[in-house]
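Place chain B on chain A using the hints.
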Amino acid sequence: GAVVSQHPSWVICKSGTSVKIECRSLDFQATTMFWYRQFPKQSLMLMATSNEGSKATYEQGVEKDKFLINHASLTLSTLTVTSAHPEDSSFYICSATLASEQYFGPGTRLTVT
Amino acid sequence: GESVGLHLPTLSVQEGDNSIINCAYSNSASDYFIWYKQESGKGPQFIIDIRSNMDKRQGQRVTVLLNKTVKHLSLQIAATQPGDSAVYFCAEKMEDTDKLIFGTGTRLQVFP
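Protein chains in written order, with the working numbering: chain A, 23 to 135; chain B, -12 to 99.
Take these hints with a grain of salt, some might be off.
Within a straight-line C-alpha distance of at most 25 Å, the following computed DSS-like cross-link-like pairs (lysine-lysine) qualify [claimed, not checked]:
(1) K86/B / K43/B
(2) K29/B / K86/B
(3) K86/B / K88/A
(4) K58/B / K43/B
(5) K88/A / K36/A
(6) K36/A / K86/A
(7) K86/B / K55/B
(8) K63/A / K29/B
(9) K42/A / K77/A
(10) K86/A / K42/A
(11) K77/A / K88/A
(12) K58/B / K86/B
(13) K77/A / K86/B
(14) K63/A / K58/B
(15) K43/B / K55/B
(16) K42/A / K29/B
(17) K42/A / K86/B
(18) K63/A / K88/A
(19) K42/A / K88/A
(20) K86/B / K86/A
(21) K86/B / K63/A
(22) K36/A / K29/B
In case anyone wonders, no lab produced these hints; they're calculated from the structure.
For clarity, every value in this text was computed on a predicted model and none was experimentally measured.
Isolated chain A (complex conformation) (with noise of 0.2 Å):
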């Protein structure tokens, strides 16, 4: 049980351009939802607080004009990378939270041309 599935798990886009990575908790309702971003060889940051039915909540640093986040049912959320470049190329990975546990999903590698 507590399966969260990110789709898809890689994408090459071009710089300028926007592209969306969805996360789905498979088996269980996820009243909230967390977005983290992975540089190579570093540790898992924080990007943002996704709670159902109401806006995100975003880590100082993080822009959320950029990074759009929208978390429409208990199932899905998705995070939107608009205007990418090649400084957003990195693994985002979600998690999804079950009785104040995270669990997580298998990540999204994006890499900006």
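Positioned in the frame of chain A, the structure of chain B alone reads:
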């Protein structure tokens, strides 16, 4: 031995030996701690957790020790196997929040 790379410390151990991975956490108000294992290109995988009212917790082949006085956490892996090779992160959670703060991570390399 243990070495510090550009970003990620590395611990190299021989198969069958015990491994000890250390973590210093940042907030004395944190009341819950978790160790995660991350293999290349994958998301973090839960290993073991401990609450602040405990100082030791054991799982299968793994033990977590918590020293709140010096804000230090360690993960001990017994009889380390090649499949244990991965990056290990500690994470802390403060009371009244579900947010996790991750440590810098340690790469464990197991050689035959």
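Results for each hint:
no., hint, result
1, K86/B / K43/B, "holds, 23 Å"
2, K29/B / K86/B, "holds, 20 Å"
3, K86/B / K88/A, "holds, 22 Å"
4, K58/B / K43/B, "holds, 14 Å"
5, K88/A / K36/A, "holds, 16 Å"
6, K36/A / K86/A, "holds, 21 Å"
7, K86/B / K55/B, "holds, 20 Å"
8, K63/A / K29/B, "holds, 13 Å"
9, K42/A / K77/A, "holds, 17 Å"
10, K86/A / K42/A, "holds, 14 Å"
11, K77/A / K88/A, "holds, 14 Å"
12, K58/B / K86/B, "holds, 18 Å"
13, K77/A / K86/B, "holds, 16 Å"
14, K63/A / K58/B, "holds, 24 Å"
15, K43/B / K55/B, "holds, 11 Å"
16, K42/A / K29/B, "holds, 19 Å"
17, K42/A / K86/B, "holds, 23 Å"
18, K63/A / K88/A, "holds, 24 Å"
19, K42/A / K88/A, "holds, 12 Å"
20, K86/B / K86/A, "holds, 18 Å"
21, K86/B / K63/A, "holds, 22 Å"
22, K36/A / K29/B, "holds, 24 Å"
Going through the hint list in order, the structure satisfies each hint without exception.
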